[in-house]
Amino acid sequence: MNCRSEVLEVSVEGRQVEEAMLAVLHTVLLHRSTGKFHYKKEGTYSIGTVGTQDVDCDFIDFTYVRVSSEELDRALRKVVGEFKDALRNSGGDGLGQMSLEFYQKKKSRWPFSDECIPWEVWTVKVHVVALATEQERQICREKVGEKLCEKIINIVEVMNRHEYLPKMPTQSEVDNVFDTGLRDVQPYLY
Amino acid sequence: METDLNSQDRKDLDKFIKFFALKTVQVIVQARLGEKICTRSSSSPTGSDWFNLAIKDIPEVTHEAKKALAGQLPAVGRSMCVEISLKTSEGDSMELEIWCLEMNEKCDKEIKVSYTVYNRLSLLLKSLLAITRVTPAYRLSRKQGHEYVILYRIYFGEVQLSGLGEGFQTVRVGTVGTPVGTITLSCAYRINLAFMSTRQFERTPPIMGIIIDHFVDRPYPSSSPMHPCNYRTAGEDTGVIYPSVEDSQEVCTTSFSTSPPSQPAALGVGSADLAYPVVFAAGLNATHPHQLMVPGKEGGVPLAPNQPVHGTQADQERLATCTPSDRTHCAATPSSSEDTETVSNSSEGRASPHDVLETIFVRKVGAFVNKPINQVTLTSLDIPFAMFAPKNLELEDTDPMVNPPDSPETESPLQGSLHSDGSSGGSSGNTHDDFVMIDFKPAFSKDDILPMDLGTFYREFQNPPQLSSLSIDIGAQSMAEDLDSLPEKLAVHEKNVREFDAFVETLQ
Chain A
1 MNCRSEVLEV
11 SVEGRQVEEA
21 MLAVLHTVLL
31 HRSTGKFHYK
41 KEGTYSIGTV
51 GTQDVDCDFI
61 DFTYVRVSSE
71 ELDRALRKVV
81 GEFKDALRNS
91 GGDGLGQMSL
101 EFYQKKKSRW
111 PFSDECIPWE
121 VWTVKVHVVA
131 LATEQERQIC
141 REKVGEKLCE
151 KIINIVEVMN
161 RHEYLPKMPT
171 QSEVDNVFDT
181 GLRDVQPYLY
Chain B
1001 METDLNSQDR
1011 KDLDKFIKFF
1021 ALKTVQVIVQ
1031 ARLGEKICTR
1041 SSSSPTGSDW
1051 FNLAIKDIPE
1061 VTHEAKKALA
1071 GQLPAVGRSM
1081 CVEISLKTSE
1091 GDSMELEIWC
1101 LEMNEKCDKE
1111 IKVSYTVYNR
1121 LSLLLKSLLA
1131 ITRVTPAYRL
1141 SRKQGHEYVI
1151 LYRIYFGEVQ
1161 LSGLGEGFQT
1171 VRVGTVGTPV
1181 GTITLSCAYR
1191 INLAFMSTRQ
1201 FERTPPIMGI
1211 IIDHFVDRPY
1221 PSSSPMHPCN
1231 YRTAGEDTGV
1241 IYPSVEDSQE
1251 VCTTSFSTSP
1261 PSQPAALGVG
1271 SADLAYPVVF
1281 AAGLNATHPH
1291 QLMVPGKEGG
1301 VPLAPNQPVH
1311 GTQADQERLA
1321 TCTPSDRTHC
1331 AATPSSSEDT
1341 ETVSNSSEGR
1351 ASPHDVLETI
1361 FVRKVGAFVN
1371 KPINQVTLTS
1381 LDIPFAMFAP
1391 KNLELEDTDP
1401 MVNPPDSPET
1411 ESPLQGSLHS
1421 DGSSGGSSGN
1431 THDDFVMIDF
1441 KPAFSKDDIL
1451 PMDLGTFYRE
1461 FQNPPQLSSL
1471 SIDIGAQSMA
1481 EDLDSLPEKL
1491 AVHEKNVREF
1501 DAFVETLQ
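Going down the list, the sequences are from chains A and B.
Quick note: the first sequence uses the working numbering, first residue 1, plus one each step.
Quick note: the second sequence uses the working numbering, first residue 1001, plus one each step.
Hints in this document: simulated from the structure, not taken from any laboratory.
From a predicted model like this one, the values you see are computed outputs, not experimental measurements.
Quick reminder that beta carbons are idealized off the backbone N, C-alpha and C, glycines included.
Treat the hints with care, as some may be off.
[Said to hold, decoys possible] Listed next, the stretches of chain A that the computed footprint assigns to chain B, with coverage defined by at least 3 CB atoms under 8 Å from CB atoms of chain B:
1. 26-36
2. 96-106
3. 125-135
4. 157-167
5. 177-190
Required output: the full structure, derived from the provided sequences and hints.
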């Protein structure tokens, strides 16, 4: 199976890194999350409801929509925070990238461990710029906002191509396809 | 185009398309309310959240959408459109976006209705949620209020893009293939607004020069059953029942089968679940029928009762008997037929076809909006500086801005201050009757026990007496006397020439 790969590039100021990353990752996960599955008898299942909420960025003129799940938000913020710190500490050119990979687990016989097969990878490349004046920062706020709008449109375009998605699993296999660890929503394994 | 779609699939598909259209309108309108939207995830399926998404139903919006659809569904040549426009406080309006839900003839006969189509429609709604926040109108709608408001209008039929001006852009939200055609959701938006940053709508005087298209009478295409109408605020409509709320109790698919997709899905029971009231922070102005209204707490609108429990149990029993090998759908019957819409509302202004626009957002009247008193009730609105609003617009000659009050007598203000107490009464001689005397508390100043505090000082020295040298007292001197005294002055200055020269040298 071929893994679908998408790359998004953004140029942001240092303090915009987190929000820009979160905006992109949350938008992707919004499309790649479903409600919690509740399996019933004889192979049927029902799906819970996914809530959404708007998030205003503080350093960018931009609002994005995320899944209403504090656990998911916390998990993403943690990872993005680590990325931001790594970017800052690396010094140098201010270039970095982070990938969000959706995968399926394939059970293997003992003694081999389960295989993780990616089916979609989103890579976000970040270029951090340093700005000197407040006016430049204000312009950057707007420009980055506009750029993120374009990125969201790109993401939506890809999502609506309706290309490969893992088949809906049976109850025993749901953990191979979805992350069932969250209480309120169920994203694909990532 | 009819295919070998069985009747149950066809029925399901029609239902999916219908509710997808209604939810699309809700998402678009709610995204233009000017507020952040937040709904909760629920791990337990309620059966009332179509497409497994928590999208609230604003009853008025559903009602208008159903009215526009008039029992039809989007089909080839018949699109459902939601027009978003902006209206300024001066009454000018401009179309910002047109969201179109269209159907074309390209069919996907292999696709499974109750599973794949449903999930893809859900995905498309998520995309719509994301896209509605990235078009330029979103930022404008978040800043609406004093200078302008955002309006919406739903119509069914041919798409009208002429009002968007030249060079509008289109973004495609997504498509879903079905056995009867491909559903496409897109947005055409005005782009010259992108050059008018939102700053232009913040505290700027007349925007009229910017608006390109403002016309009151919209050209209605002859084929579309559009019904622009007024909205009443929830405050006025306490007695109105929206039958559409009952219709939203139609069951939505909540159960799926993990067996091969050819197996049918069992349908769960639905009930209108409006457990989370949506509170929009806006007041209501009952005197403005055309105003956009944000519905207040949903408790203000009568809610349809939940489905009876016994119905739920009966349907769940049927649910349990659905097996993957059983091709018959376990359909729960909806509590009310979707065709029996009885509009009980016959209040005035509702069905007026000539009234402009459907409005849903409330407009707070800004402090300096020049409105006749009979349209705006100042006391009923929460406007800043209400006390300063002129009570009688005709008395211009008493307006202090037109005729400033006379300056006080030239007495020593210092004398006055020593006898004044604290921060009050000091300069009341200057107060015009229309102004309300308030305690003057200058910034960074402590209101302490000193008799001469900053506020008192500031007030007293706001109107100092005129300098004597500047006062023109023609009687005191005449021109001739001035000329006579000149030679004497010149002689004195000539004596001091050396001093002047030394001074000049020090400057160089």
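Do the hints match the structure? See the list:
no., hint, result
1, 26-36, "holds (count 6)"
2, 96-106, "violated (count 0)"
3, 125-135, "violated (count 0)"
4, 157-167, "holds (count 4)"
5, 177-190, "holds (count 3)"
Of the numbered hints stated above, those contradicted by the structure are hints 2 and 3, listed in ascending order.
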